[in-house]
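**Q** Model the full structure from these sequences, guided by the hints.
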Amino acid sequence: MKISARNAFAGTVEHVTTGAVNAEVRVAIAGGGTITAIVTRDSAAALVLAPGRAVTAVVKASSVLVMVDGAGTRLSARNQLAGTVHAVVEGAVHAEVAIALPGGAVVLAVITKDSVQALGLQPGVAATAVIKASSVILAVSA
Amino acid sequence: MKISARNAFAGTVEHVTTGAVNAEVRVAIAGGGTITAIVTRDSAAALVLAPGRAVTAVVKASSVLVMVDGAGTRLSARNQLAGTVHAVVEGAVHAEVAIALPGGAVVLAVITKDSVQALGLQPGVAATAVIKASSVILAVSA
Amino acid sequence: MKISARNAFAGTVEHVTTGAVNAEVRVAIAGGGTITAIVTRDSAAALVLAPGRAVTAVVKASSVLVMVDGAGTRLSARNQLAGTVHAVVEGAVHAEVAIALPGGAVVLAVITKDSVQALGLQPGVAATAVIKASSVILAVSA
Numbered sequence: 070m071k072i073s074a075r076n077a078f079a080g081t082v083e084h085v086t087t088g089a090v091n092a093e094v095r096v097a098i099a100g101g102g103t104i105t106a107i108v109t110r111d112s113a114a115a116l117v118l119a120p121g122r123a124v125t126a127v128v129k130a131s132s133v134l135v136m137v138d139g140a141g142t143r144l145s146a147r148n149q150l151a152g153t154v155h156a157v158v159e160g161a162v163h164a165e166v167a168i169a170l171p172g173g174a175v176v177l178a179v180i181t182k183d184s185v186q187a188l189g190l191q192p193g194v195a196a197t198a199v200i201k202a203s204s205v206i207l208a209v210s211a
Numbered sequence: 070m071k072i073s074a075r076n077a078f079a080g081t082v083e084h085v086t087t088g089a090v091n092a093e094v095r096v097a098i099a100g101g102g103t104i105t106a107i108v109t110r111d112s113a114a115a116l117v118l119a120p121g122r123a124v125t126a127v128v129k130a131s132s133v134l135v136m137v138d139g140a141g142t143r144l145s146a147r148n149q150l151a152g153t154v155h156a157v158v159e160g161a162v163h164a165e166v167a168i169a170l171p172g173g174a175v176v177l178a179v180i181t182k183d184s185v186q187a188l189g190l191q192p193g194v195a196a197t198a199v200i201k202a203s204s205v206i207l208a209v210s211a
Numbered sequence: 070m071k072i073s074a075r076n077a078f079a080g081t082v083e084h085v086t087t088g089a090v091n092a093e094v095r096v097a098i099a100g101g102g103t104i105t106a107i108v109t110r111d112s113a114a115a116l117v118l119a120p121g122r123a124v125t126a127v128v129k130a131s132s133v134l135v136m137v138d139g140a141g142t143r144l145s146a147r148n149q150l151a152g153t154v155h156a157v158v159e160g161a162v163h164a165e166v167a168i169a170l171p172g173g174a175v176v177l178a179v180i181t182k183d184s185v186q187a188l189g190l191q192p193g194v195a196a197t198a199v200i201k202a203s204s205v206i207l208a209v210s211a
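Residue numbers (the working numbering), protein chains in the order written: chain H, 70 to 211; chain L, 70 to 211; chain P, 70 to 211.
One or more of the hints may lead you astray.
With the C-beta cut set under 10 Å, the calculated list includes, among others, these residues of chain L facing chain P [unchecked claim]: (1) R110; (2) D183; (3) L207.
I should point out that these hints are in silico values taken from the structure, not numbers from a laboratory.
Backbone N, C-alpha and C define an ideal beta-carbon position, used for all residues, glycine too.
**A** Set out below in structure tokens:
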């Protein structure tokens, strides 16, 4: 499979909470850390998601927010991956920001160029990639 | 109504599953196929969503992912619309990819230009538009 | 905290509905109006979200849709903020549209340039910013 989403994190299902419509799936990422995904209950069943199952968490770069100076604030977004800005590529309206995580993974975020300025994002700056659980897609081998 | 979302699929509600907070709505699309939407329970009630109700499923192009060579992989995303790339328009960072479905509908996806390269997207290539159910908005006539 | 999302609305939690996986949080916005957010149940607990709690509703500009001529249509999206187009900045594929709300707040939407044309968006035009509840992140002071 090749998919347009720029972020793919290999891991293992750690915990599944099932509701009437949705399910919350916690995935332990190879290299450390956790990604939480909200998928439909039907998807969780169809993909046989249960603890121990190997999955890949897929996130579109445009679904990633970038936060700096987060001390003193708590966000509802389940996934907050702290790292260091590795690269910034600017377009006309948008920019692509690569954040390197301690475990070696890189998270790509597409944000507006104005936000890059406002947050002072440049290589070496500490930054956190913020991802809502509902923005995460899970992939499994058939 | 005119809305900025580039994708609008006319259809009929087929099934509604209601939870405490959200509801899952399955819509049979004119021309064949199904789109699943997650909306709030309150919205499902306010829009009187029930089997037989005529609705339009609205999806922003930036919420659409594109997958190729999907054999051997299963995704949690409920909506996977297989078709053929019809056109690719490139910008500075992003590109707009039009995927024609067998039933005649066209799905527009905005993805990064790098992904267009990585996936080898060009007219005639088989590709699947992937849309999370939580990215779908439903519209009804008042 | 500085975050890349271009929209941040200060307000107060008005009501919380909790399900098995998600929670719906209704926030009364300073200056009038309401924003509804869907967050995970765990986040609602971790952030101690309850009526009276001061929160900021954060929304990425790319998660905002723009609607004109909405009479006669009802959308499932919980947040529909009616205002007037204040500014439009065009890029290669995308454009950034600022919609001024009656209470003084401004909502920023990133949509495709084609949509700007199709909807006839220019300063002075009446337009509604449409935001799915699942696209809203809530922030609180730690």
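**Q** All the hints need checking, so say for each whether the structure fits it.
**A** Going down the list of hints, with the structure as the test:
1. R110: 8 Å, holds
2. D183: 14 Å, violated
3. L207: This interface hint holds because 4 Å falls under the 10 Å limit.
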